[in-house]
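S.K.: Sequence:
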Amino acid sequence: MTSRSGTTFRVASDLLLDREREALAVGRGPWSASLRGSELDDIAFDGELVLRSIRFVVRDQDWKTLPVIVDAVDHTTSGLHLRGRAGDDGEVVAWSLSVDLGASTLRVAVRAEVTAAFRRARIGLIVLQSPTLAGTELVVGHPEGSTTTTRLPDHVAPHQPAIRIESLAWTGDRIATTARFSGDVFEMEDQRNWTDASFKTYSTPLSLPFPVALAVGDVVEQSVEVSCARVDAAEPADAPLATPLAVTVVPETEFTAQREDPVPEPVDGRIGAPIDSVVPAISTSVSSDPDGGRAGAVVPEPITGILVEIDPTNQDWPAILDRAVRQAGTRPLDLRLVLGTGEEAEPVLRRLRDAAVPVVRVGAFHRRTHLSEVTLLTALGDVLRTLWAERPPHPELVGGTRAHFTELNRNHARLERWTGPVAFSITPFMHDRGGHQLVESLGMQAVVVADAVRIADGRPLHVGPVTLGARYNAVATTKAGAGVTADPDLRAGFGAELVPGATDDRQSAEALGAWVVASVAALAVSGVESLSYFEATGPRGLVAADGTLTAAGRALEWIAELSGRQRVAVEIGGVSLGAGSPVAGPPVSSAGVTAIAAVDAAGETVVILGNLGETPVRVVLTGASEPRTVELAAGAVARVVITGPVPGS
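Be aware that the sequence shown starts at 1, since it is given in UniProt numbering, and climbs by one per residue.
Do not rely on the hints blindly, as some may be mistaken.
[Unchecked claim] Using C-beta positions, here's what the derived DEER-type ranges look like:
#1 Gly340 - Asp88: 53 to 63 Å
#2 Glu416 - Glu343: 23 to 33 Å
#3 Asp505 - Pro302: 20 to 30 Å
It should be emphasised that the hints constitute simulated quantities derived from the structure, not laboratory data. Note that beta-carbon positions come from the ideal geometry of N, C-alpha and C, so glycine has one too.
Using the sequences and the hints, build the whole thing.
M.R.: This is the structure:
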């Protein structure tokens, strides 16, 4: 299946949500699309992808996306009519959505009625354009009738690329597209900031106050009309269909099965020369679940450290710190402090110093902005120098943000006077929990880290935590609750354990191991010194409840064994997965195969392969020795050791 960012393989089923597995292929005349739940995805005209998606969303006062449930899908003479509801704990909105497919125009309209009062940050239609349109000329029509000509940004845009939108017009390879919006004023943001593969046009400008109280009976009505024409077409764009055409709606699996060879051809793999980057140090975060590893789960030995976030205003901080020290064993801590002032850090740091706990680095982030204000870093530096005066050197001080790349991208000018290392985190499920989003985020991780290297301008980068769901809500408009008494046993857990959406069953999916391989391949570029993934144990961990490694844990163990070793270029199916700084290249081949390779201490080339697709593949590796054939089951990961000189070494 061709996904919204152009992947040509069917994603491994254990990474997909039910709505993706049960997707419907929709077509009429020159139009085709995938209906995944209530989302109209992969919208193509005359075989060319024109939009990633049109979908209806409801986001509450803390920007949480409420589940949108489809109750009925009815066929019409020109398309579809969907009915459903949205809400977390019960229905808050009843909605209906119509999809009409004409000769050259696609129209999507929604009517949403509030059935239970709530406070919304956003409600309405959103339109997603592909990131492959970066650099494309864009004509923006405004409500007052004027137009602005701009370009979709190449670098990830920190702020809105377009505002006050009534229409958008652009031209792809063969198709000229115009999208017209009604029912509200729209604007655009660059969702690559959150590793989403899209430019998103949404309703209600962020410059207006939010959240907004909605009462029972309030109605929202919006529509998007998409008109397409072949660039070289002789007929007028609004020409009617020559004959009435029925709308086709079939299960997507049935549709793709008719067009795919069930026996895949072998995938060629080639080992190349060493490239200008090394495998970063690999760490993980302290477990935030109630058990916290007490059941005997052990972190893989090659993992280099334990990352822990501490807010000294949380009365449980001593217990959280003690758990991190216990899980770290002899490994050093990577301490990230959430502070109001630098002086707040003193009790935490003194406790570690007095216990002679090794601390490799200390990050400082303001609890309101989630950023490292320079005054905060300066004050914390003074505290470190004082406490470690008799035991120099003190731990390395890190700035940046504990939140998404977005915050670094928007606020890096505030860190211009900071010359030390820079950090940011990655959460693929910020806006969309789909398996396609998870896979699409891999290419966007490569884009984001390239821009982060540019922003860092020679300063080392520390990327992480990388987690599926958010470990805290960086955009909430309401304050998170805090415990009133300290709990030395952390019986309720802490942090991510208490955050809705932080835990996902796909943490233990077999194909998540392949995802990790691709993620490291995307992020391990020159300038990145460390990567931190997931938690040590528990429902968000590398180690399952029975003490065995998850597939992600196994992949990270193999990768961590190569920390500090020089990477080697790998080409899979003609796609270079390691071409050098600043971006290693696309992290996944067209067949869904990913790889990372490095030369180990014994001088042997170690290749770690992953298959993100649902079809088994056979990879034939050449370049460093006699050809090696590797069989990869759906979602599987394999480690291959190749003896012999690396080409070009």
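S.K.: Each hint should be assessed against the structure and marked as holding or not.
M.R.: Each hint, compared with the structure:
1. Gly340 - Asp88: 53 to 63 Å: The hinted range 53 to 63 Å is violated for Gly340 and Asp88, with Cβ atoms some 31 Å apart.
2. Glu416 - Glu343: 23 to 33 Å: Given about 25 Å between the Cβ atoms, the range holds.
3. Asp505 - Pro302: 20 to 30 Å: holds (26 Å)
Of the hints listed earlier, the one the structure fails to meet is number 1.
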